[in-house]
Each structure stands twice: as structure tokens, then as C-alpha cells.
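With the sequences and hints as input, model every part of the structure.
Number of protein chains: 2
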Amino acid sequence: MKRKITLKQIAKELDVSISTVSKALRNSIEISEDTREKVQAFAKLYNYRPNNIALSLKNRKTKTIGVIIPEIVHHFFSKVIKGIELLANTKGYNVIVGLSNESFDKEVLNMEMLANGSIDGFILSISKETLMKQDYHHFNETINQGMPIVMFDRVINDLNCDKVIVDDYEGSTKAVNFLIDKGCKSIGLITTMDYVSVGRLRTQGYISAIENQGAELNAELILKIDDSNTSEEQIDILESQIEQLFENNKNMDGVFAVNELYALIAMKVARKRGLKIPEDIQFIGFTDGVLSKHATPSLTTVSQHAQAMGEKAASLLINRLENEEDEEHFEKVIIETDLIERNSTK
Amino acid sequence: MKRKITLKQIAKELDVSISTVSKALRNSIEISEDTREKVQAFAKLYNYRPNNIALSLKNRKTKTIGVIIPEIVHHFFSKVIKGIELLANTKGYNVIVGLSNESFDKEVLNMEMLANGSIDGFILSISKETLMKQDYHHFNETINQGMPIVMFDRVINDLNCDKVIVDDYEGSTKAVNFLIDKGCKSIGLITTMDYVSVGRLRTQGYISAIENQGAELNAELILKIDDSNTSEEQIDILESQIEQLFENNKNMDGVFAVNELYALIAMKVARKRGLKIPEDIQFIGFTDGVLSKHATPSLTTVSQHAQAMGEKAASLLINRLENEEDEEHFEKVIIETDLIERNSTK
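First to last, the protein sequences are chains A and B. If you use full-length UniProt numbering, the first sequence corresponds to residues 1 to 346, in order. If you use full-length UniProt numbering, the second sequence corresponds to residues 1 to 346, in order.
Be a bit skeptical, because a hint or two may be false.
The calculated DSSO-like cross-link candidates involving lysine-lysine, where the alpha carbons are at most 27 angstroms apart (straight line), are [stated by the list, open to error]: (1) A:LYS276 x A:LYS182; (2) A:LYS174 x A:LYS293; (3) A:LYS293 x B:LYS224; (4) A:LYS61 x A:LYS174; (5) A:LYS250 x A:LYS182; (6) B:LYS272 x B:LYS332; (7) A:LYS182 x A:LYS293; (8) A:LYS268 x B:LYS61; (9) A:LYS63 x A:LYS91; (10) B:LYS133 x B:LYS182; (11) A:LYS61 x B:LYS63; (12) B:LYS276 x A:LYS268; (13) A:LYS276 x B:LYS250; (14) A:LYS293 x B:LYS268; (15) B:LYS268 x A:LYS346; (16) B:LYS293 x A:LYS346; (17) B:LYS346 x A:LYS293; (18) B:LYS133 x A:LYS346; (19) A:LYS133 x B:LYS82; (20) A:LYS268 x A:LYS82; (21) A:LYS61 x B:LYS61; (22) A:LYS276 x B:LYS63; (23) B:LYS293 x A:LYS82; (24) A:LYS346 x A:LYS185; (25) A:LYS82 x B:LYS174; (26) B:LYS61 x A:LYS276; (27) A:LYS63 x A:LYS38; (28) B:LYS293 x A:LYS272; (29) A:LYS63 x B:LYS61; (30) B:LYS61 x A:LYS23; (31) A:LYS23 x A:LYS44; (32) A:LYS272 x B:LYS224; (33) A:LYS272 x B:LYS268; (34) A:LYS268 x B:LYS63.
Keep in mind that the hints were calculated from the coordinates and are not lab data.
This is how it looks when you write it as C-alpha cells:
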């Protein structure tokens, strides 16, 4: 697909202001007929299709960042927002937050609402439904109209925007290697469905760590959870699925879970079955949230440095808003993970 | 203080639209000189002082609710937002969230930003700094300009707005009576400083429950935490303060904590001292978050029904936005608490 031209590029090419281009495209009588014709012809030539959002925005600085997250009752996302807030405040920016609730429509709606004059740019993490649909038109349109986006954690590789991700693959490899070093012979994986990119990458990290150690990969040891719904009943289903994992793998002596809730529930199941942690079975989670820290035993976990992620995302966005940036080149920043050793491993 | 007149009341009194009043006050030539003089004289007579926010807003429906919370890395507030979202969505409203980070200035700034055309009304919980300063001008101004506010959890009684609160006093009494019924003779309280209204009310509930049982009130058993800062170091300080509480009260056999984090840290301290839960000492927390549910042992707690609170707040606000409401009468809805029994009590 040929890359769509942005308002900014038309303005630069014709040596007029962005606001002139925007007004010319809407046929405003504030702009001379000559300029209107020139802009419209140019836009047509380069296949520029505007929609309502973000038009005529660029000359009005709101000094506000719009953040869209999939879920709010979630330690990781709230920590990222804290990081965004901290950095934005030092730079004189405000932050407002919209929620997609993992829904495609709500994501589109929230972006339209915020892009409509309230904010200068977006920091967002993509909803699960959007990832399943693979419909990214709302991101593309926003970007093409000259409003920058920074994506974090759940990102799309070929979009023209800056991205901040955790090295999920490497973090997961690190966790599994640690369990192997601590003597685990049969390591279970509790992960999400593959359409969630972070779950898929963590699964791949697990597989490669197992294979690199020359161990045999056993599909029975991998449990993939459909967590598109996180209601209370879902937690009971989760518990029975994990019980089944233990039942199918009676000699399992290590568990790597891609989030802390899965790890805690797995520890609960292990205790119920009379297993001692970490003597009989060891556990590692992902995400360093409050649950990991205050669990009994406290959970060894891969920290994603959520707050640092938020700070980095805000810094990338503000740089792009305040400086004449190269519109063709975008950064992908990888935040390194750390293994935090606690009492759920030997 | 004489109550300030609102735009809405001026409009009603003079039988013109709110937008006419707003424009007349700004001396707009769209309004006849006669009307302008009348409105301005009336406004002067009743001491109407406008500021920039919210003026000329009332005729533009954004169908968006602005929510301002003190903290985002907090299960209670995120659950309330979830409730607001759920109800707002069924009514066709969007929700955007701003954070005060417990700061007065950020609260004022966020309200100005959102009131400036982005939203129809506010749902908010007041920052600790605002409660300490007792400066409520930003709430009064917003209300006087005809933009409704619904306050939840941390509220100010004499503001002209709807309020949704938890019955903190009753919830706390319930918890302490439960511990007494389960045989506790020496019950410790871990609470916040008194300027936080919910902490103060929970402390009062504890005191009255102890006194009603004819037991002697022992000041040594009450620990008031200054939690204006919730950083990592703060948690270590918290732990040493709780250790001191145990050290000062060696026969303490019950603990009521006004939030789940305090309760969990207290259980950790008890375990370190070789005490068995619930045999030697029993624990009850406040707020039914993920920590309570997944703690070991799981924590008996007073549930605030945060999601129901959010739903009620959204419903009050939307009613006020969509119906001609009585501007002199406001509702104060009290959400009942429930005691959820788990394994930290007998």
C-alpha cells in the first residue's frame, strides 16, 4: 500500500501553513481561490483523504496528551499511566485517559472524541478486539492527519509511529532458563491466546528456552487461556483449567505464568494439592505488581518496568510534538526486563 | 456565605436561554442592548462572578463525562471508573479520566482543562491536598456556572452537588463488632490521618464499637498512618510502624485496618512474629480488592462495592444532565457495605 500523504507534508511541499491546508481542503473562503485549487489538486494527486478528526488542529496546542488503555483495573496499565503523568508534568503537559475496555468500537470512539480538539497526540495500547480484527484504519487516519501516536506494549509493527515495548521474548527466556538452572525438569507454561502479541512472544520465549536446553517440548505442559473476559466467573474457570494442567502433569516441578494473577492462582492450586513452594514446585510470573510482592510466598517475577515505559512513551511523544521530526523514521524502544528473585523459587 | 446565583437561575428568572445569559455577560453584540443591560444588572445584583471555564457550554452537549480521581494505581478508584464506564456506555456517554495525583493544583488544572468544552459534567473524588487546604473554590465555580458535579467517596458536605459515599462509619463498626463476636479482646486499629474523611469516619466507627461493648479504649492500639506519600520507601516505613504497634501491644488478638494493603502488611508482621492467623490473631480489612482475595490467608474484609458506587454516580450525573433538575436539592446516596468472610478470621 502506498503511504498516504499527511497534512504536514502537503503544507511543507506547497510552503503554506498546516491550517491553510486544512482550511483549503474544507474549501474555506478564508483562503484565496488560487491556494484552494492548488492544495486540492495536490491532495487529490497524492490520494489524500481527510476525515473529521484532527483536521485544523495542528495550530492549536492544547498541551494535553490523550492516553487510551484497554483496561483500568490492571496494575500494569495504571503504572504506565503514572509514568506518563510524571514525565508529562515535568514538561508542562496534562494527561487525559480514555478506556477501550478491550473493544474495537470504544477504541475508535475514544480516539475520535479526544482527537477532536482536546489533545495534541496519543499514547495508546491496542485493544484485544482490534488485534483480532486487524483493523487499524483509525490509527492510520490519525497519523495521516498529522497527529502523532506512540504505542506501548501491544503495538503494530508496520504503523508509522514510535513504539515502546517490553522485550517479552527475552524476558520469558530469562525466566524459563532461571527455572532450569534451579533444577526444574518439567516446566509448565500458563499463557494467553496467540493473538495477543505479548502472550505469543512470551510463549515463543518459553519454547526456545526449553528447546535450547535440549529438553523435549511437551504440548501437555502449555496451557493457553482465553482471557477476553475477566469477570469473577472467569477466575473460577481459570482455576479449574490450571487444576487440569496439574492433573495432566503430575511431575511438573516449575511453572512460568505470563502474568501475576495466573501465577498466584497456580500457587493456590499447588498448595491445595499439598505441594510445597519452592521445595516441590517453583513459580515465576510476569509483571511486577502488588500481587507478586504481597503474595505468600512472595512471587519471583519478570519486571516490565511499567513506569519507565510510560515515561519513555511520553518523552517520545513530546519530542515529536515540539521538534520538527523526521516523518519517515520512527523509533522502537525496547525496555529491558529484570528478573526479581523472591521466595517462590529456590 | 450567601449562595451564588447560577447561569441557569438567571436564565430562568429573566426567561431567556442560558446561552443568551452567557453571551450577554460577555457583552456579545449578538444580544440586544436591552437584554444585555437587564442580564448584567441582574447578575450584578445577585453577585454573579463568572470565570472562563464552562461559560457558553451548556448548549453544546458533548455526551462525555469527565472523571477526576486522586490516584490511578489503586484498585478502589479503578473499580469505580469501571462502574462509571459501564453505566455511561448503556446511556450513550463517553468517559474521560484525569488524575489529580492528590495535588490541589493538578485538580484545579484538570477541571479547567476538561470543563473547557470537552465534557458535560464531572464525577470526582477530592485530592488529599484539597481536603487539607479546605479550598473548594474550583468546585463552587464549576457548579455556579451550571456544570453539575457528582462527588464520590471523598466528598464535601456543604457543596451543592450530588454525592455518593460509603457508609464508612457503619462498615467499620460492623468489622470491629465481628472481631469482638469472634472473641477478640484487644483489637488494634491501623488507620489514616484524620483529615482524610473516610479514615476519620472509620476511626470513629472503631471507637464507638469498642465503647459500645463497654471495653476500655486504649490509645496505644490505634496507629494513624500519614500516607500522603505512597512510594516504595513509604511501605518500609509502614512496616516498621506496624511492627511497633505489635511490640507495644503484645496481647493484641485482632486487627482492623482501613485498607487492604495495611491489613496485608500487618498479617506479614504477625507471621514474622510467629503468630498464627486466625488462631492467635484475626484480621479484617476495608476495600474488596485483588489483594484481599489472593492473600494467604485470604482476608476477611468490608466491601465498599466500588463498582456499584461508580454506577450510581454516573446515573445521578446523567439524570441531572438530561432532566430539568431541582437546583436547590441534591441527593446523598449511601452505598451499604458488606462484610466478606474469608480465612483471616475464625
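So, going through the hints one by one against the coordinates:
Simply put, LYS276 of chain A and LYS182 of chain A have alpha-carbon atoms about 15 angstroms apart, close enough for the 27 angstroms limit, and the pair holds. In summary, the hint linking LYS174 of chain A to LYS293 of chain A is supported, as the alpha carbons are separated by about 19 angstroms, within the 27 angstroms threshold. Annotation: proposed proximity of LYS293 of chain A to LYS224 of chain B holds, straight-line Cα distance about 23 angstroms (limit 27 angstroms). For a cut-off of 27 angstroms, the pair hint linking LYS61 of chain A to LYS174 of chain A is broken: about 44 angstroms separates their Cα positions.
A threshold of 27 angstroms between alpha carbons decides the hint, and for LYS250 of chain A with LYS182 of chain A the separation of about 19 angstroms falls inside it, so the pair holds. With a CA separation close to 44 angstroms, the supplied pair LYS272 of chain B and LYS332 of chain B exceeds the 27 angstroms bound. Using a Cα cut-off of 27 angstroms, the hinted pair LYS182 of chain A and LYS293 of chain A holds, with the two alpha carbons roughly 21 angstroms apart. Note on LYS268 of chain A and LYS61 of chain B: the hinted pairing is violated, with a Cα-Cα distance of about 50 angstroms set against a maximum of 27 angstroms.
Taking the CA atoms of LYS63 of chain A and LYS91 of chain A, the gap is near 9 angstroms; set against the 27 angstroms cutoff, the hint holds. Note on LYS133 of chain B and LYS182 of chain B: the hinted pairing is violated, with a Cα-Cα distance of about 41 angstroms set against a maximum of 27 angstroms. Our distance criterion of 27 angstroms between C-alpha atoms is met by LYS61 of chain A and LYS63 of chain B, whose separation comes to about 23 angstroms. Taking the CA atoms of LYS276 of chain B and LYS268 of chain A, the gap is about 19 angstroms. The hint holds against a cut of 27 angstroms.
With a CA separation close to 31 angstroms, the supplied pair LYS276 of chain A and LYS250 of chain B exceeds the 27 angstroms bound. This hinted pair checks out: LYS293 of chain A and LYS268 of chain B have alpha carbons roughly 11 angstroms apart, not beyond 27 angstroms. Straight-line distance between C-alpha atoms of LYS268 of chain B and LYS346 of chain A comes to about 20 angstroms, which keeps the hinted pair within the 27 angstroms bound. With a CA separation close to 26 angstroms, the supplied pair LYS293 of chain B and LYS346 of chain A stays within the 27 angstroms bound.
For the hint pairing LYS346 of chain B with LYS293 of chain A, the CA-to-CA distance comes to about 26 angstroms; that is within 27 angstroms, so the pair holds. At roughly 50 angstroms between alpha-carbon atoms, LYS133 of chain B and LYS346 of chain A are farther apart than 27 angstroms, so this suggested pair is violated. Of the supplied pair hints, the one linking LYS133 of chain A and LYS82 of chain B holds, its CA atoms being roughly 24 angstroms apart against a limit of 27 angstroms. Distance restraint check for LYS268 of chain A and LYS82 of chain A: the Cα-Cα separation of roughly 30 angstroms exceeds the 27 angstroms cut-off, and the hinted pair is therefore not satisfied.
For the given pair, LYS61 of chain A sits about 23 angstroms from LYS61 of chain B by alpha-carbon distance, which is consistent with the 27 angstroms threshold. For a cut-off of 27 angstroms, the pair hint linking LYS276 of chain A to LYS63 of chain B is broken: about 54 angstroms separates their Cα positions. The hinted pair formed by LYS293 of chain B and LYS82 of chain A meets the criterion: a straight-line CA distance of about 25 angstroms does not exceed 27 angstroms. With a C-alpha separation of about 14 angstroms, the suggested pair LYS346 of chain A and LYS185 of chain A falls inside the 27 angstroms cut-off, and the hint holds.
Under the criterion of a C-alpha separation no larger than 27 angstroms, the hint pairing LYS82 of chain A with LYS174 of chain B is inconsistent with the structure, at around 35 angstroms. This hinted pair does not check out: LYS61 of chain B and LYS276 of chain A have alpha carbons roughly 59 angstroms apart, beyond 27 angstroms. The hinted pair formed by LYS63 of chain A and LYS38 of chain A fails the criterion: a straight-line CA distance of about 32 angstroms is larger than 27 angstroms. Note on LYS293 of chain B and LYS272 of chain A: the hinted pairing holds, with a Cα-Cα distance of about 16 angstroms set against a maximum of 27 angstroms.
Of the supplied pair hints, the one linking LYS63 of chain A and LYS61 of chain B holds, its CA atoms being roughly 23 angstroms apart against a limit of 27 angstroms. For the hint pairing LYS61 of chain B with LYS23 of chain A, the CA-to-CA distance comes to about 25 angstroms; that is within 27 angstroms, so the pair holds. At most 27 angstroms may separate the alpha-carbon atoms for a hinted pair to count; LYS23 of chain A and LYS44 of chain A meet this at roughly 15 angstroms. Pair hint LYS272 of chain A plus LYS224 of chain B does not hold up; C-alpha atoms about 37 angstroms apart against a cutoff of 27 angstroms.
Between LYS272 of chain A and LYS268 of chain B the CA atoms are separated by roughly 21 angstroms; this keeps the pair inside 27 angstroms, and the hint holds. Of the supplied pair hints, the one linking LYS268 of chain A and LYS63 of chain B is violated, its CA atoms being roughly 44 angstroms apart against a limit of 27 angstroms.
In the structure shown, a violation is registered for the earlier hints numbered 4, 6, 8, 10, 13, 18, 20, 22, 25, 26, 27, 32, 34, in ascending order.
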